[in-house]
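Asker: Sequence:
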Amino acid sequence: MTQPATDAAGKFDTSRANEYARQSRIALAGYDACHDLSACMLAASLGQSRPANVLVVGAGGTAQEIIAMAALEPDWHFTAVDPSRPMLDAAAEHLRATDLLHRVQIHLGHVEDLPADASFDAATLIGVLHHLGGDEAKQQILRSIQARLKPGAPLIVAGNHYAYASQPLLLQAWSQRWRQQGATADEVQAKLGKILQGADPPHSEAAVQALLHGAGFGDATRFFSSLFWGAWLTCKLSQATRFA
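So that you can map any letter, position 163 of the sequence shown is 163 in full-length UniProt numbering, and since no number is skipped, the others follow by simple counting.
Keep in mind that the hints are not guaranteed to be accurate.
[As the list claims (entries may be wrong)] Derived DEER-like restraints, expressed as beta-carbon distance ranges:
#	residue 1	residue 2	range
1	Asp186	Arg222	33 to 41 Å
2	Thr184	Asp117	20 to 28 Å
3	Gly47	Ala116	23 to 31 Å
4	Ala118	Arg179	28 to 36 Å
5	Asp117	Gln189	33 to 41 Å
6	Asp117	Ala173	42 to 50 Å
In short, the hints are calculated from the structure, not lab data. From the three backbone atoms N, C-alpha and C, an ideal C-beta is built for every residue, glycine too.
Starting from the given sequences, assemble the full structure and let the hints guide the process.
Answerer: The following block contains the structure:
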């Protein structure tokens, strides 16, 4: 059964927002490296030292992708979208602490709530797809992003991309990662239970590619991997290219 986007947003309450910065860096080994490389990939795609308006979907929590991009490209500005108020509040605190809030428009809601004629130079969708249940919800958010990008604009997509139970060795390594960071056996089991029941990632890299193709994006280049996690850069296709 498809999980509505509003249900996915409900998982990110005040309690989760407060612990997100620490726990996300445990759950994803290489969290900061992924965000840094995402910034580098976008700069390489757009061309460095040129102005850009970047759509950041699922920006709540650490705002790390904005912090990384803003440090690399001082002429970029950002629209940060997230349906969770606590997560957006947490992101705003990080942006305020790094003196970046003036370069960011914060929007509580979903991509489709943005003006239909919005036109962004690039976008990021990091850590979002696996929280949306079913392919239709995943396609919907990708289509909404695609509709608000300029032709040829790059998109960074990053997130988990295996059915967790299909990769027992990776799942065991993921649990060892928590143990490595000081979690007790009971805490590890609780984390495993939460990931197995609380997310619906695409089941392969090919499934990620299929979702992107179906939403009007081209072939994606993977530039980062960490256990279940992958990160890709793709670009919006023109209508002529898409239907040729």
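Asker: A separate judgement is required for each hint: does it hold in the structure or not?
Answerer: Consistency of the hints with the structure:
no. : hint                        : in the structure
1   : Asp186 x Arg222: 33 to 41 Å : 35 Å, holds
2   : Thr184 x Asp117: 20 to 28 Å : 52 Å, violated
3   : Gly47 x Ala116: 23 to 31 Å  : 27 Å, holds
4   : Ala118 x Arg179: 28 to 36 Å : 45 Å, violated
5   : Asp117 x Gln189: 33 to 41 Å : 49 Å, violated
6   : Asp117 x Ala173: 42 to 50 Å : 46 Å, holds
Hints 2, 4, 5 from the earlier list are contradicted by this structure; the remaining hints agree with it.
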